[in-house]
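J.: Spelled out from the first residue to the last, the chains are:
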Amino acid sequence: MRLFASYREAAGTSKLEVPISAGARVADLLELLAVGIPALKTAKGLVAVNHTYVDAAFELHDGDEAAFIPPVSGG
Amino acid sequence: MFKIVDGPIDEIALENEVRTDADGAVIVFRGVARKHSRGREVIHLEYEAYPEMAEKVMAQIGDEIKAKFPVSAVAIVHRTGVLEVGQASVVIAISAPHRGEAFAASQYAIDRLKQVVPIWKKEIWDDGSQWIGWENEQHKTAV
Numbered sequence: 139m140r141l142f143a144s145y146r147e148a149a150g151t152s153k154l155e156v157p158i159s160a161g162a163r164v165a166d167l168l169e170l171l172a173v174g175i176p177a178l179k180t181a182k183g184l185v186a187v188n189h190t191y192v193d194a195a196f197e198l199h200d201g202d203e204a205a206f207i208p209p210v211s212g213g
Numbered sequence: 076m077f078k079i080v081d082g083p084i085d086e087i088a089l090e091n092e093v094r095t096d097a098d099g100a101v102i103v104f105r106g107v108a109r110k111h112s113r114g115r116e117v118i119h120l121e122y123e124a125y126p127e128m129a130e131k132v133m134a135q136i137g138d139e140i141k142a143k144f145p146v147s148a149v150a151i152v153h154r155t156g157v158l159e160v161g162q163a164s165v166v167i168a169i170s171a172p173h174r175g176e177a178f179a180a181s182q183y184a185i186d187r188l189k190q191v192v193p194i195w196k197k198e199i200w201d202d203g204s205q206w207i208g209w210e211n212e213q214h215k216t217a218v
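Residue numbers (our numbering), protein chains in the order written: chain W, 139 to 213; chain F, 76 to 218.
The set of hints was computed from the structure by calculation and includes no laboratory data. Take the hints with a grain of salt, since some may be wrong.
[To be verified] Only pairs whose alpha carbons sit at most 27 Å apart, straight line, appear in this in silico DSSO-like list of lysine-lysine: (1) F:Lys-197 with W:Lys-179; (2) F:Lys-189 with W:Lys-179; (3) F:Lys-131 with F:Lys-141; (4) W:Lys-182 with F:Lys-189; (5) W:Lys-153 with F:Lys-131; (6) W:Lys-153 with F:Lys-197; (7) F:Lys-131 with W:Lys-182; (8) F:Lys-78 with W:Lys-153; (9) W:Lys-153 with F:Lys-189.
Just so it is clear, the structure is predicted and the values come from calculations on it, not from any experiment.
Hey, can you work out the whole structure from these sequences and the hints?
T.: The structure is reproduced here in structure tokens:
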């Protein structure tokens, strides 16, 4: 699990290991993490898994790298 | 070349990389840190990236450009870390046989980069700081 920018500051860390149950989806991971990091839900961004943007229904697998992406502002 | 770097961007290297003898135009776009933003004075900027994904998404933008415009080559480099006013945060180099396509592709490249590449900018003012991006709605249509 990777966290960036405002999410990283809200969480106080840039990396987390999160155990997930079989068949868990991105939405489940969000619910789980939002308990400790409310900003993930109150200020919603995008999610990427293994460096590709995915939607809430995307199914996670052991070893996946999920990342919570606040609105981007490069350039 | 599609890279995230944490120091000054070598514009000459980018230009040399994209130019071929078939090209009549090379456009090098440089995005620079601006002193005034939303009515406040910026002391400096801090850029953060998700480097592995940012480089992949920038390469995808390069592929999109090649599919849409008759250009020869595209290179994008974005800098992270602390940037002072006037320093380049991003450089995009595009070569093409003709200037029209090179200009159009450059505009497309920076617009897409701002929409989808996982890079974040924090403005540091003398009385505070803020991550930029929440004020625009682009992220909701970024996928």
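J.: So, for every hint listed, does it hold in this structure?
T.: Going through the hints against the structure:
Distance check on the hinted pair: F:Lys-197 and W:Lys-179 sit about 21 Å apart at the alpha-carbon level, within 27 Å; holds. Of the supplied pair hints, the one linking F:Lys-189 and W:Lys-179 holds, its CA atoms being roughly 23 Å apart against a limit of 27 Å. Annotation: proposed proximity of F:Lys-131 to F:Lys-141 holds, straight-line Cα distance about 15 Å (limit 27 Å). Between W:Lys-182 and F:Lys-189 the CA atoms are separated by roughly 18 Å; this keeps the pair inside 27 Å, and the hint holds.
Using a Cα cut-off of 27 Å, the hinted pair W:Lys-153 and F:Lys-131 holds, with the two alpha carbons roughly 20 Å apart. Taking the CA atoms of W:Lys-153 and F:Lys-197, the gap is near 20 Å; set against the 27 Å cutoff, the hint holds. With a CA separation close to 23 Å, the supplied pair F:Lys-131 and W:Lys-182 stays within the 27 Å bound. Between the alpha carbons of F:Lys-78 and W:Lys-153 the distance comes to roughly 22 Å, so the proposed pair stays at or under 27 Å and holds.
Using a Cα cut-off of 27 Å, the hinted pair W:Lys-153 and F:Lys-189 holds, with the two alpha carbons roughly 25 Å apart.
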